[in-house]
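Chains A and B are the protein sequences, given in the same order.
Per my numbering, residue 1 is the first one in the first sequence, and the count goes up by one each step.
Per my numbering, residue 463 is the first one in the second sequence, and the count goes up by one each step.
To be clear, the hints were calculated from the coordinates, so they are not data collected in a lab.
Some hints could be false.
[What the hints assert, rightly or not] Okay, the calculated beta carbon distance ranges per label pair:
#1 Ser-42/A / Asp-592/B: 53 to 61 Å
#2 Lys-395/A / Glu-586/B: 53 to 61 Å
#3 Glu-586/B / Ser-415/A: 41 to 49 Å
#4 Gly-40/A / Ile-628/B: 45 to 53 Å
#5 Ser-415/A / Tyr-620/B: 57 to 65 Å
#6 Pro-313/A / Ala-545/B: 25 to 33 Å
#7 Glu-454/A / Ala-593/B: 41 to 49 Å
#8 Gly-40/A / Ala-545/B: 25 to 33 Å
#9 Thr-416/A / Glu-631/B: 33 to 41 Å
#10 Ser-534/B / Glu-454/A: 46 to 54 Å
#11 Gly-370/A / Thr-495/B: 38 to 46 Å
#12 Phe-598/B / Asn-438/A: 20 to 28 Å
[What the hints assert, rightly or not] DSS-like mimics (lysine-lysine), calculated; alpha carbons at most 25 Å apart, straight line:
#13 Lys-382/A / Lys-610/B
#14 Lys-437/A / Lys-624/B
#15 Lys-502/B / Lys-382/A
#16 Lys-374/A / Lys-595/B
#17 Lys-595/B / Lys-549/B
#18 Lys-610/B / Lys-437/A
#19 Lys-624/B / Lys-549/B
#20 Lys-502/B / Lys-549/B
#21 Lys-174/A / Lys-626/B
#22 Lys-402/A / Lys-382/A
#23 Lys-408/A / Lys-437/A
#24 Lys-626/B / Lys-436/A
#25 Lys-521/B / Lys-382/A
#26 Lys-436/A / Lys-624/B
#27 Lys-626/B / Lys-595/B
#28 Lys-410/A / Lys-437/A
#29 Lys-502/B / Lys-610/B
#30 Lys-502/B / Lys-374/A
#31 Lys-382/A / Lys-595/B
#32 Lys-45/A / Lys-402/A
Just so you know, even glycine gets a beta-carbon here, dropped at the ideal spot from N, CA and C.
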Amino acid sequence: MKKLFGFVLFISFLGSLAFAGPWGIVVNVSSRNIQTIDLGQSPPKVYGPFLTGSLGTSGEEILDVAITPDSNYALISNFQGHKVYRIDISDPTNPVLAGSLTLGSFYPEDIAISPNGQFAVISDGSYNRELAFINLSSFSNYSLYTMTSSNLYAQAVAIGNDNSTVIMCDYYTKRIVFGRVNASLTGLVSESNFPSDGYPINISISPDGSTVLIANPEGSLVGVYQIIGPGNVVIGSTPKVTGFHERPQSIAFSPDGKKAYVVCSNTSGSLLTFSWLQVNGPGNVTMGGERVTNLHAYAYYEYFGIDALAVAPAGNYAIAGNPSSNVDSRSRVSLINLSNYQATAIDATQSDAKGVALFNEIVFAPTNAGLERKTNNYIFYKEYINSLTWQANSKNKIPISKYRIYRKTKDAADSTYQQLTEVDASVFQYTDRGLKKNVYYTYRITSINNRGLESLPTEIGN
Amino acid sequence: MKKIYPFIICFLLLPVAVYAIDFSFGFQAGLRTVSDSAIKDVYGNGLCYFPYAAINVFKGFTIGAGYEFGYSRSGTIGLYEEATTLKVTGVQAFVGFQYSVSMVTPYVFVGFGSFSYTQTVESEAAQTVDATKSTFFVAGGLKIYPMKNVYISAEVKYVPLKVKPIDDEVDLGGLRLMGGLGFTFGY
């Protein structure tokens with residue numbers, strides 16, 4: 001029997017996974033646990049709390065959360081415990097602690113992860129002039145970098161989309177500090193700084209890496225800056241956005257970078273408010289709508305650096321925790337519909353929810369797909385067969401319920417792919433029979449998890 | 463429909479028979495071998511049957527016709543060993559010479575036949591093969607007359623039958639090793 005082996009078309013790692021969701025993750029500061037929120041359901045379904053007892057001891061607070069670009073891990077800072085936790089969130093319904101680093105006497109506060117996922121920079125929320133750099137490929141060690149700018153601290157930190165520019169802000173000295181990451185990802189070079197208009201407390205960088213917004217609660221303003229090159233930051237053409245009646249604390253850009261959203265705190269125990277800014281261009285930002293809605297959390301001052309606002313990748317929703325340094329039992333995480341700025345409380349969340357982040361649920365495509373061309377001799381004629389095989393992707397934590405197979409004629413447009421069949425998750429092969437001589441096909445195989453979400457395809461052809 | 467061909471041929475031969483020396487009909491049965499190794503592997507050799515009628519028109523020259531049937535074999539085929547059946551039948555006309563020596567009459571024939579063959583496979587991926595192919599053949603044998611009008615026969619026939627209904631050429635031919643019983647009516 002003559003057998004012809006097909007060849008696998010290389011698909012990049014990212015090409016093997018698909019995003020759906022999104023999901024939210026919430027850090028509950030004083031109960032030291034997390035919750036996840038399935039925003040794909042209406043109303044959002046809250047899971048957890050998880051990891052109670054694993055994220056520090058009594059008196060410690062977990063503050064900020066940041067998600068790796070592949071949505072596999074969340075990093076969470078424990079201020080008093082001097083720790084950074086890594087949580088495996090590939091199954092959002094069952095987050096698992098996947099390591100921790102104790103950073104000496106460092107007080108982890110704000111976490112920034114580089115867009116390429118290679119490293120994280122963590123600020124010290126205390127009076128400490130160090131930044132912690134963590135190589136995320138191993139998450140086994142860290143480097144402390146002492147800022148060269150004299151008498152400066154860094155309570156909040158952000159990384160530009162060039163994976164190089166790092167911006168910090170120092171509330172106490174009212175300065176913006178910036179520099180480039182060194183080649184070993186352990187510190188900064190060309191560090192520089194300039195004064196801030198007021199007390200900077202938190203930083204957000206636009207998706208295109210050009211515009212920097214810095215929340216300034218004391219001045220009730222948002223500072224506007226522009227990144228003009230790696231590690232090179234200038235004051236924006238609109239230096240600041242004023243007109244806030246309250247205290248900007250967290251800022252998040254829309255995915256297209258045309259808007260930015262602001263959560264404002266206060267000192268009176270009133271509800272947080274939500275405003276939005278119009279991004280007119282790099283370093284050019286104006287007020288869009290101030291206090292367009294109230295959020296469902298009560299504010300009493302605010303933490304440094306905690307990112308209490310996250311926008312969904314599709315740009316349709318945001319969730320907001322509470323950056324307040326106090327806990328009000330009435331507070332809940334808010335879900336904000338960004339098309340009409342209606343905010344609803346996500347009831348099952350806890351009152352001490354602080355840092356929030358959004359991430360996409362991942363379904364990984366099957367791996368090691370193979371194709372064997374077989375010939376079945378019926379004597380008077382031959383039947384040609386494409387025998388497909390694949391393996392389960394061990395990265396899938398949410399159970400896979402089935403695999404879906406698509407087919408198109410070789411060299412035809414991708415739009416001509418048609419679904420051939422679905423097979424049970426326990427089946428790892430499919431035989432496409434009855435094929436004609438000299439007619440060849442390309443196949444796509446996807447994973448479908450038990451929530452009905454489909455991965456990107458693994459592609460194979462002959 | 464094809465099964466009535468021998469009778470039609472016999473009917474057409476009747477006017478000739480009126481002037482014939484003798485008229486005979488008989489029935490043979492025996493082994494039908496297959497030449498093609500793939501056919502042999504899947505379906506194997508089988509039995510076949512051959513009723514016929516013949517007329518000795520002049521000094522041993524004979525013409526006749528018959529219908530071969532009975533080769534219907536089943537087996538399993540292909541990678542998945544799916545059930546399959548092959549059936550071959552054929553309408554045949556022949557002309558030959560026979561020479562009587564006492565009780566024994568040896569004979570040789572050449573003929574022309576139209577063979578129908580059908581292959582079915584129990585698979586959704588398979589297609590039914592149903593086709594017809596005509597071919598010449600040769601045969602030789604002996605008739606032994608233990609009684610005046612009754613004979614028993616032994617015959618070897620070779621039918622070459624290469625067919626290509628779809629993609630691949632296959633030799634459906636082979637030998638027929640048959641014995642039979644016949645009756646002769648002289649005028």
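Tested hints:
no., hint, result
1, Ser-42/A / Asp-592/B: 53 to 61 Å, "holds, 59 Å"
2, Lys-395/A / Glu-586/B: 53 to 61 Å, "violated, 36 Å"
3, Glu-586/B / Ser-415/A: 41 to 49 Å, "violated, 28 Å"
4, Gly-40/A / Ile-628/B: 45 to 53 Å, "holds, 52 Å"
5, Ser-415/A / Tyr-620/B: 57 to 65 Å, "holds, 58 Å"
6, Pro-313/A / Ala-545/B: 25 to 33 Å, "violated, 54 Å"
7, Glu-454/A / Ala-593/B: 41 to 49 Å, "holds, 46 Å"
8, Gly-40/A / Ala-545/B: 25 to 33 Å, "violated, 49 Å"
9, Thr-416/A / Glu-631/B: 33 to 41 Å, "holds, 35 Å"
10, Ser-534/B / Glu-454/A: 46 to 54 Å, "holds, 50 Å"
11, Gly-370/A / Thr-495/B: 38 to 46 Å, "holds, 43 Å"
12, Phe-598/B / Asn-438/A: 20 to 28 Å, "violated, 35 Å"
13, Lys-382/A / Lys-610/B, "violated, 55 Å"
14, Lys-437/A / Lys-624/B, "holds, 22 Å"
15, Lys-502/B / Lys-382/A, "holds, 17 Å"
16, Lys-374/A / Lys-595/B, "violated, 30 Å"
17, Lys-595/B / Lys-549/B, "holds, 13 Å"
18, Lys-610/B / Lys-437/A, "violated, 61 Å"
19, Lys-624/B / Lys-549/B, "holds, 15 Å"
20, Lys-502/B / Lys-549/B, "holds, 13 Å"
21, Lys-174/A / Lys-626/B, "violated, 91 Å"
22, Lys-402/A / Lys-382/A, "violated, 31 Å"
23, Lys-408/A / Lys-437/A, "holds, 16 Å"
24, Lys-626/B / Lys-436/A, "holds, 17 Å"
25, Lys-521/B / Lys-382/A, "violated, 52 Å"
26, Lys-436/A / Lys-624/B, "holds, 23 Å"
27, Lys-626/B / Lys-595/B, "holds, 9 Å"
28, Lys-410/A / Lys-437/A, "holds, 13 Å"
29, Lys-502/B / Lys-610/B, "violated, 41 Å"
30, Lys-502/B / Lys-374/A, "holds, 23 Å"
31, Lys-382/A / Lys-595/B, "holds, 20 Å"
32, Lys-45/A / Lys-402/A, "holds, 24 Å"
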